[in-house]
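Trainee: Chain by chain, the residues run as shown.
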Amino acid sequence: MSGELNEAEVAAGALVKRHRLSTRIWHWINAFAVFAMLMSGLMIFNAHPRLYWGQYGANFDTPWLSIGSTDTAGFVEIGTHRIDTTGVLGRWQDSEGRIQRRAFPHWVTIPSRYSLSGARRWHLAFAWVLAVGLIVYLITALFNHHIQRDLLLTRNELRPRSIWRDIADHVRLRHPTGTAALRYNILQKFAYGGVIFLLLPLIVLTGLTMSPGIDAAWPWLLDLFGGRQSARSLHFIAAMLIALFILVHLIMVVVAGPFNEIRSMITGWFRLPKERAQ
Amino acid sequence: MISRRRLIGSLGLGAGGLLLSGCDRLDRSPAFRGALRSAEGLTMRAQRLITDRAALAREFSEADMSPVFRSNGNTQIDNPLYKAHAATGFRDWQLVIDGAVGRPMTFSMAQIRAMPIRTQITRHDCVEGWSAIGKWHGVPLKLLLDAAGMRSNARYIVFHCADRFGTSPYYESIDLIDAFHPQTILAWAMNNHVLAVPHGAPLRLRVERQLGYKHAKFVERIEAVASLDHVYGGKGGYWEDVADYEWYAGI
Chain S
17 MSGELNEAEV AAGALVKRHR LSTRIWHWIN AFAVFAMLMS GLMIFNAHPR
67 LYWGQYGANF DTPWLSIGST DTAGFVEIGT HRIDTTGVLG RWQDSEGRIQ
117 RRAFPHWVTI PSRYSLSGAR RWHLAFAWVL AVGLIVYLIT ALFNHHIQRD
167 LLLTRNELRP RSIWRDIADH VRLRHPTGTA ALRYNILQKF AYGGVIFLLL
217 PLIVLTGLTM SPGIDAAWPW LLDLFGGRQS ARSLHFIAAM LIALFILVHL
267 IMVVVAGPFN EIRSMITGWF RLPKERAQ
Chain A
39 MISRRRLIGS LGLGAGGLLL SGCDRLDRSP AFRGALRSAE GLTMRAQRLI
89 TDRAALAREF SEADMSPVFR SNGNTQIDNP LYKAHAATGF RDWQLVIDGA
139 VGRPMTFSMA QIRAMPIRTQ ITRHDCVEGW SAIGKWHGVP LKLLLDAAGM
189 RSNARYIVFH CADRFGTSPY YESIDLIDAF HPQTILAWAM NNHVLAVPHG
239 APLRLRVERQ LGYKHAKFVE RIEAVASLDH VYGGKGGYWE DVADYEWYAG
289 I
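Protein sequences, first through last, are from chains S and A.
Per the working numbering, residue 17 is the first one in the first sequence, and the count goes up by one each step.
Per the working numbering, residue 39 is the first one in the second sequence, and the count goes up by one each step.
No wet-lab data here; the hints were simulated from the structure.
Glycine included, C-beta positions come from ideal geometry on N, C-alpha and C.
Do not take every clue at face value.
Said to hold, decoys possible - DEER-style ranges, computed between Cβ atoms:
no.: 1; chain 1: S; residue 1: Ala47; chain 2: A; residue 2: Ala93; range: 34 to 42 Å
no.: 2; chain 1: A; residue 1: His268; chain 2: S; residue 2: Ile41; range: 44 to 52 Å
no.: 3; chain 1: A; residue 1: Gly272; chain 2: S; residue 2: Ala47; range: 31 to 39 Å
no.: 4; chain 1: S; residue 1: Trp80; chain 2: A; residue 2: Gln114; range: 31 to 39 Å
no.: 5; chain 1: A; residue 1: Arg66; chain 2: S; residue 2: Ile179; range: 43 to 51 Å
no.: 6; chain 1: A; residue 1: Lys121; chain 2: S; residue 2: Thr86; range: 51 to 59 Å
no.: 7; chain 1: A; residue 1: Arg66; chain 2: S; residue 2: Val148; range: 20 to 28 Å
no.: 8; chain 1: A; residue 1: Gly79; chain 2: S; residue 2: Met256; range: 26 to 34 Å
no.: 9; chain 1: A; residue 1: Ile215; chain 2: S; residue 2: Trp180; range: 53 to 61 Å
The following block holds chain S by itself, in its conformation from the complex:
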């Protein structure tokens, strides 16, 4: 977002520059890289669909989460809770109608057929795109003040009353109009900041902690996350939260007006929404 606009001069309905080139490039690189990472990551998870806490964890140890199947059903087990997921997780039909007893189904994995080595090729290649993109973006956004100006919450925005009002506006789908639509609102800042400053760094670092080579070079990673299997669990949780963010993000784009929103992320130009009739 460019903050140089004089708000009084810009009328509702006008086209204004909203997103910087660096933001737009990073957004679209990430859009592809994150999907490649999520979908190949789910295939890697399928190779051992159990998550543990601590330094070690294998078939004879107790997982906190597992996806499995019986002769008739698929299930997700979290602690001692078992949730029936037949048809989606654990036991599902592939595109040729055959029953497969893998954790995640073919329509969310890369490749769609079971291939751990294929998924690792995708995952470990796009990991470079994601991690280098994140670092370049963070440095750029720090130097062009995008972070300080647009992403950090102000003291006023951190007041409970402001946060509450923003939640109420979201629930009633009252989107900001006029020049207010040019600024990220409070929940947007929480969501974008949470992904950029928390989830993405967390997912990169926990990913590195799963590498035996990196662990030898940087053993502090094992102490930071409490072991390789804990890092694997946190990596999975962060991935699921990023998937949740994408889902909410896409819903908000549709609700707010997909043409205007997508155009602003491609060309940078955004049409200011008109004031609501009072």
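For chain S, the structure is supplied; the task is to place chain A on it using the hints.
Mentor: Okay, now just chain A, sitting in the frame of chain S:
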């Protein structure tokens, strides 16, 4: 002329289509696979750049060990010759070291057990994602390689194994940086007991900064080579050749 609205709409559809069916098509394209594969070299060089050659994998205490250490790969061997060795406690098992070495050698198990022992409690990471912590006792590979003497053209160490996948033997390879690493040992005991068959008796490689499939079990021959091109399929290992796993398994 195509409107911007339609252009953006079709871009969105195109992205969706690419993600769903296109990924499999990309995955089969040799050019795309080649591009993905180039990341392996990048990863290896980057890891080597930030890692001291002698940086040690973390060693744990006995309290940290897995209660049960899962075995993987081939856990039983049908080969009658191997079974005969197992029946006699591998008394007559021999380890051959040859290839690009100054003095090809043959070691008996008694000779290997009489060599200096290194003991380490380390974490074993399978490419599938699980980990197990166990205690390994064995001879540093460096001592065996020094005894045979590397020729100056030797670049890789290939491990030939007694187990078979179908008719193919198992084999793996590492470069000299990992071969001469202090934690790289040929283990002949595990968790204070002589190595059991499922874990690779009588000799199994431990190369602690890489994933499990590099840890060749049932080792019967160690060969120094100048290049991996002529080792079976040319990619340096069984899983590398048959299933396209990465040769560099430090990640």
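Trainee: Against each hint, give a clear statement of whether it holds in the structure.
Mentor: Quick rundown of the hints versus the structure:
A hinted range of 34 to 42 Å for the beta carbons of Ala47 (chain S) and Ala93 (chain A) is consistent with their spacing of about 37 Å. Checking the proposed 44 to 52 Å range against His268 (chain A) and Ile41 (chain S) shows it holds: the Cβ atoms sit about 45 Å from each other. Separated by about 37 Å at the C-beta atoms, Gly272 (chain A) and Ala47 (chain S) satisfy the suggested range of 31 to 39 Å. In this structure the supplied range 31 to 39 Å holds for Trp80 (chain S) paired with Gln114 (chain A), their Cβ-Cβ distance being about 32 Å.
Between Arg66 (chain A) and Ile179 (chain S) the Cβ separation comes to about 49 Å, which falls inside the hinted range of 43 to 51 Å. Evaluation of the 51 to 59 Å hint for Lys121 (chain A) and Thr86 (chain S) yields a failure: the beta carbon distance comes to about 37 Å. Under the hint 20 to 28 Å, the C-beta atoms of Arg66 (chain A) and Val148 (chain S), about 27 Å apart, fit the expected range. The supplied range of 26 to 34 Å is met by Gly79 (chain A) and Met256 (chain S), whose beta-carbon atoms lie about 31 Å from each other.
For the pair Ile215 (chain A) and Trp180 (chain S), the beta carbons lie near 58 Å from each other, so the given range of 53 to 61 Å is met.
The structure shown violates just one earlier hint, number 6.
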